[in-house]
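S.K.: Each chain, letter by letter, is given below.
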Amino acid sequence: MALPRDDHGITVGAVEERFTPDALPPKPPLPLSVVPPRPPLPPDVEIPPVPPLPASAVVDHPITDDPITDDPITDDPITDDPITDDPTTDEPDLADVPVSGEPVADESDVDAVVAEESAPEAIVEPVPEPAGTALALRGVVKQFGDTRAVDGIDLTIPTGAFYGIVGPNGAGKTTTLSMIAGLLTPDRGSIRVGGHDARTESARVKRMLGVLPDRLRTFDRLTGRQLLYYYGVLRGLKPVVVETRIVDLARAFDLTDSLGRPVSDYSAGMTKKVMLAGAMIHSPRVLVLDEPFEAVDPVSSDVILEILTDYVSHGGTVVLSSHSIGLIERVCTQVAVLVGGQVLAEGDVDEVRGELSLEQRFFQLAGGLVDVEGVEWLHTFSD
Amino acid sequence: MVAHLLRLRLDLLVGSIRGGGRANAVIGLVLLVVVTTVTCAGVLSLADAEPERAQALIILGGSVLVLGCMLGPIVLGIADPLDPRRFGVFGLSPRALTPALALAGLISIPVLALLALLVCVVIVWHAHGVALPVAILAAALGLITCVLSARCSHVVGTLVFRPRHSRELSGVFVLILLIVVVPAGVFVASLQWRDAVPEPLAGLVTALAFTPWGAAWTLPAAVATGSGWFVGAIAVLTAGLLWAAWTVLVAMATTRTERPTHAGEHAGLGWFALLPGTPAGAIAARSLVYGLRDRRYLVNLVIVPVAAALVAVPLLVAGVPAEFVALLPVPIVALFLGWLPHNDVAYDSTAVWMHIAGGVRGVADRVGRLAPILLVGIPLLAIVVPVSAALHGDWSVTPALVGIAASLFLSALGLSSIASAVAPYAVARPGDSPFQQPQRHGSSGVLAQGLVMVGAIVVSLPVLLLSWQSITGEAVLLSSALSLSALWTGLGTGVGVLIVGVIVGGWAFNRRGDRIMEFAETA
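Top line first, the protein sequences correspond to chains A and B. This note's numbering numbers the first residue of the first sequence as 33 and each following residue consecutively. This note's numbering numbers the first residue of the second sequence as 1328 and each following residue consecutively.
One thing to keep in mind: the hints can contain errors.
Stated by the list, open to error - Only pairs whose alpha carbons sit at most 20 Å apart, straight line, appear in this in silico SDA-like list of lysine to any residue:
#: 1; chain 1: A; residue 1: K270; chain 2: B; residue 2: G1595
#: 2; chain 1: A; residue 1: K270; chain 2: A; residue 2: R236
#: 3; chain 1: A; residue 1: K270; chain 2: B; residue 2: P1603
#: 4; chain 1: A; residue 1: K270; chain 2: B; residue 2: G1597
#: 5; chain 1: A; residue 1: K270; chain 2: B; residue 2: R1688
#: 6; chain 1: A; residue 1: K270; chain 2: A; residue 2: A235
#: 7; chain 1: A; residue 1: K270; chain 2: B; residue 2: V1690
#: 8; chain 1: A; residue 1: K270; chain 2: B; residue 2: T1605
#: 9; chain 1: A; residue 1: K270; chain 2: A; residue 2: A282
#: 10; chain 1: A; residue 1: K270; chain 2: B; residue 2: G1608
No lab work stands behind these hints: they were computed from the structure.
Start from the sequences and build out the full structure, keeping to the hints where you can.
M.R.: Have a look at this one:
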C-alpha cells in the first residue's frame, strides 16, 4: 500500500460526489466507445469486445460541438485513473515504485504537470515521480553521430493528459517519441511508463503503449483488414477479439469500404487512419502519436480527435507531436515546447502561453522569424 | 424425381459449356480431351503387351484414379453443382434423394472421360482373353467406386473444408501433392520397364490388388487365377461401404445447418485465416504474403537453380563422371535455400517497427519468418532429391541425399535466423527494383553471407563425409548402412542447428531491437 488510506478515501469520496447523476450533464452518445474504458487490469487480460457503434454517428457529429473546449478532461485523472490504482490493488510487485508521499488532496493540483513536490526517492531516480504519472522522462539524451538529437529532456506526463509536443523541424520530436515507443534506446537517462522502467521491463512497457510513428513504413502490401489483424495478433490478442475490433475500428475511422484493398493503394491520410486504428487495437494505456493529423482531412481529424478525447476521458493518456500549433492549443491540456533537443517550456497550455497566443509564445521560444536575406534574385523573374 | 434431377444436371452441364466467355472452362475442356485421348491410346496399346505388364499397369493406374477421385474434390475445392445441401430446403426424403443424386453425379464431363477410358480398358481385357461380362462387371465396379468416391469427397470438402477453403489452402494442398507425386513419378519412370514388370512395382501391384483402390481393376485377372471371389468381394464391399458413406453424408448435408458465423469469419484475411492466430502465425502469414508477392524475394529464389547449374556445367565439361555431377544439385539447392533468409529483417525496411513496438518475442519473429522458405524449400527439395537420385542411377543413395539436404537446408536456416537479427545489411527498398543496389553504410553484408554459408557447410561435414563414403563405398551392405546413418545424422544436425539458431536469433532480436530500428532507418 503505497498510498495512505485516508488519501484513498478522500479520492473515492470525491469521485462519488462528482458522479451523482444530476451533477453530470446529459452526455450525447458519442461515437467514441471505440476505446473501451480502461479497467485496472494487467495488460494481458482480455478486454471484452467493444459494443458496436451507430453507423451514422461519425457523420452526425457536428464539428462545432467540440468536446475539447469545455475540457472535462482536467477533472478526470483522479477519478478513474487506473495507474494510481495499480500499485495499491493488483500489482504488489510495484510497491517499490516511487510514489510521491503527498496525498493528492486537491484535484486541481494534479493537473499541474510539474508538480515538483519532492519526496524522498528510491536510489535510482533523482527526481520524484508524482502519483498518476503515465510517462516520465528523466535526463534523456540521444546522440546520432555528432549531433545531439535529444539533449537532456525531462518530461512528466500525468495519466489522463492530452499532451502535445511542439517544436520546429529537427527539434527532436520524432526521436523523443521513438524513444518513448521503445523503438530507440536513450544513450542516457531513463524513461518510465506507468512506473515501469522502459529498459528493464521493456515487454511490459511495450504492452501499455500504442504507437503511431511518422515516416516509418508499414507492411503495406497487406490489405487494411490484414494489417489491422496483424497489429492485433502481434499484440497477443485472440483472433476473434481482433476481428470484432477491426469491425468497430473500421466503422469509427470510416475505413469499412477500404479494408479489402492493399494499404499501399491508400492515400496518405487513410494510411494514417489505419495505422492509428492499429495503434489502438489492443486498447493501450498510453498512445504515442507522431504527427497523427498530418495529411488527414478535416472531417477525419475531427473524428480522430473525438475518439482520442473520449479515450482520454476514460483514463487514457495521449502524447502527440504536431507542427500545427493551433491544433495543439485547441486540443491539448498540456504542452511541451521542444527546440534543439531541449524542453524550453512545459506545462498546462495556459501556463505555457501566458498572455500571448501559443503560436506567438512558440515563435518567442523558437527564435521567431529571421529576416530572410540572400534570395533577392527571386524578386526579378528570369523569363 | 430421378428424372427431374437428371434433367437438372444435364441442363447445368449444357449451361456451363454454353456459358460463353469462360476461357478457363474451354481450356480445361480441351486439356481434358487431349489427356483422355492420349491415355486411351496408351491403354489400347496394352492390348499387345504381355498380360502381366498390362495387368500391372491397369491396376496401378486404376488405383491412382480412385485415389484421385477421393482427394481431387477436396484438394481443388471445386463447387459441386448438385451439392446435397442445396436440396435440404425442399424437404425431400433422403431415401429418394440419395440414389437420385448419385445417378445425377454420373452426368459430368470427367465421368464421360472416365467412361471412355473404361471402354478402352474393357477392350484390353477382352484382347487378353477375359470374358466380356466379367470385364464389363469389373469396369462397372471401377466406375461406381470412382464416382461415389468423388461424390463423397465433394460433400466432405464442403462440410469440413469449405468454411476455411481459400486459394491459399488449395495452394498448400497442391504443394503437398507435389511432394508426394513428383518423387513417386520420378521413381516409377526411372525403373527398368523393358523386359517385365520392375521388381519393386510387382510387389506394390500385388498389395494394391487386395485394397479398395485396386480390387475392381484386379477382378478379371483374379477370375482367371481362381481368387476371383475374394477380390470381387473386396470390390463389392468397397462400393457398398462408399454407398453407405454417401447415404450418411447426404442425410447429414440435407439436415444439418452450418453455423452462420462461420462463413463471415476470417473473410478477406487470406493466409492470416489459415495460420494460427498467434504472433508467430501472423508473422508467418505476413511473410508468405510478401514472399509470394514481392519481386525482391522472387528474384532471390532464381539464384537457386542458377547456382546449381553454374556448378554442375563446368564439372561436366571438366570430365567429372555424370553420375557424380548428378548428385551435386542437392547440396547446392539445399544450401542456397537455407541461406536465402539470412537478411530477412532488412527486407521489411522500417516496417519492422511493428514487431519491435509490439513487443513480439524474438523466437516468434524468427519462426514466423521461416514459413515461406519452408513452404517453397521442402517441395523443391522433394523434387530435386529424387531427380538427382534417378540421374545418378542408383536409388540406394536417396537416404544419404535426404540427410545432406536436411542438414544443409535446416542448419543454414538456423544460422540465417541468427544472421538476420545480428547483422542485417541494406537491400533494395520495398517497391524498388530488386536489382537496384542500395547505398550501403557500414557493413556490406559479405561477412554475414559468408558466415552463414561456411557455417552450414562446417556443421554438415559429418553428414557429407558419411554420404561420400556410402556413395563411393564398394560393399553394398556397408554403404546402405552408411547411407542410413547419413540420413539420421543429417536430420539430427539440421534440426539441432535450426532450434539453436532460432533461440539465439530470437534472443538477439529482442536484445537488439533498437539497433535493428536504427539500421532500418539509415538503410
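S.K.: All hints are to be evaluated individually against the structure, with a verdict given for each.
M.R.: Hint check:
no., hint, in the structure
1, K270(A) x G1595(B), "holds (17 Å)"
2, K270(A) x R236(A), "holds (18 Å)"
3, K270(A) x P1603(B), "holds (10 Å)"
4, K270(A) x G1597(B), "holds (17 Å)"
5, K270(A) x R1688(B), "holds (16 Å)"
6, K270(A) x A235(A), "holds (18 Å)"
7, K270(A) x V1690(B), "holds (19 Å)"
8, K270(A) x T1605(B), "holds (8 Å)"
9, K270(A) x A282(A), "holds (18 Å)"
10, K270(A) x G1608(B), "holds (12 Å)"
Going down the numbered hints, you'll see the structure goes against none, and every one checks out.
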